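Q: Sequence:
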Amino acid sequence: MSATATVTTEELLSDRQREGRFELVRGELLERAVPNYGNGRIAITTAFVVGGFVRQHGLGDLVSESGFVFERDPDTVFLPDLSFVRADRVPPLDQQQGYPELVPDFVIEILAPSNTAPETAERVRIYLETGVLLVWLLNPRQRSITVHTPDHVARTLFEDDTIDGGEVLPEFAVRVGQLFA
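Using UniProt numbering, the letters of the sequence shown correspond one by one to residues 1 to 181.
Calculated directly from the structure, the hints in this document are not laboratory data. Hints should not be assumed to be uniformly reliable.
Said to hold, decoys possible - Here are the simulated distance ranges between beta carbons:
#1 Glu-119 <-> Arg-89: 23 to 29 Å
#2 Ser-64 <-> Asp-160: 22 to 28 Å
#3 Asp-164 <-> Ala-5: 43 to 49 Å
#4 Thr-130 <-> Ala-181: 44 to 50 Å
#5 Gln-96 <-> Asp-161: 32 to 38 Å
#6 Asp-73 <-> Gln-96: 21 to 27 Å
#7 His-57 <-> Arg-141: 16 to 22 Å
#8 Arg-72 <-> Arg-41: 31 to 37 Å
#9 Ala-5 <-> Arg-89: 31 to 37 Å
#10 Glu-10 <-> Asp-160: 42 to 48 Å
Since we're looking at a predicted model, the values are computed, not measured. Cβ coordinates follow ideal geometry from the N, Cα and C atoms, glycine included.
Sequences are here, hints too, so could you generate the full structure?
A: Written out as structure tokens, the structure is:
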């Protein structure tokens, strides 16, 4: 980390020019890449498929690009492309402003060309160590999804494979290729 001062969640939230465009990794500002058209389309398709299942079964909330505090002192705030929070953990309406100190149950990230392998691995590590139960990394170039769980056994599924929601979204299943259609 450079000699710049450590930034807190509260400082990030109070700076309207940075809110939603920056994340924090152990107090260091990290500018988010603006999603390209293809990634935006994949995000919407995935939100419709996963979000439709979540709503139909009353399982909780699926949110997009919403900030969550994953670590404190120094702070880590990520804005995953999509995040699922079980119904019994959804914060009350009066606590849904800012970045809740709530770790989602399930995180979906769509890899961009600017994402490096070390940065992505560190992000997944933080997700899992702070309590995320399921992480999907969608890779548009390979048209694949790498699934990460707390047991640290990653598996990669391709277009013709079926992906499921594991214990987080029981009975959910979809062909991987449908999320890239």
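Q: Mind listing which of the numbered hints don't hold for this structure, in increasing order?
A: 4 and 7
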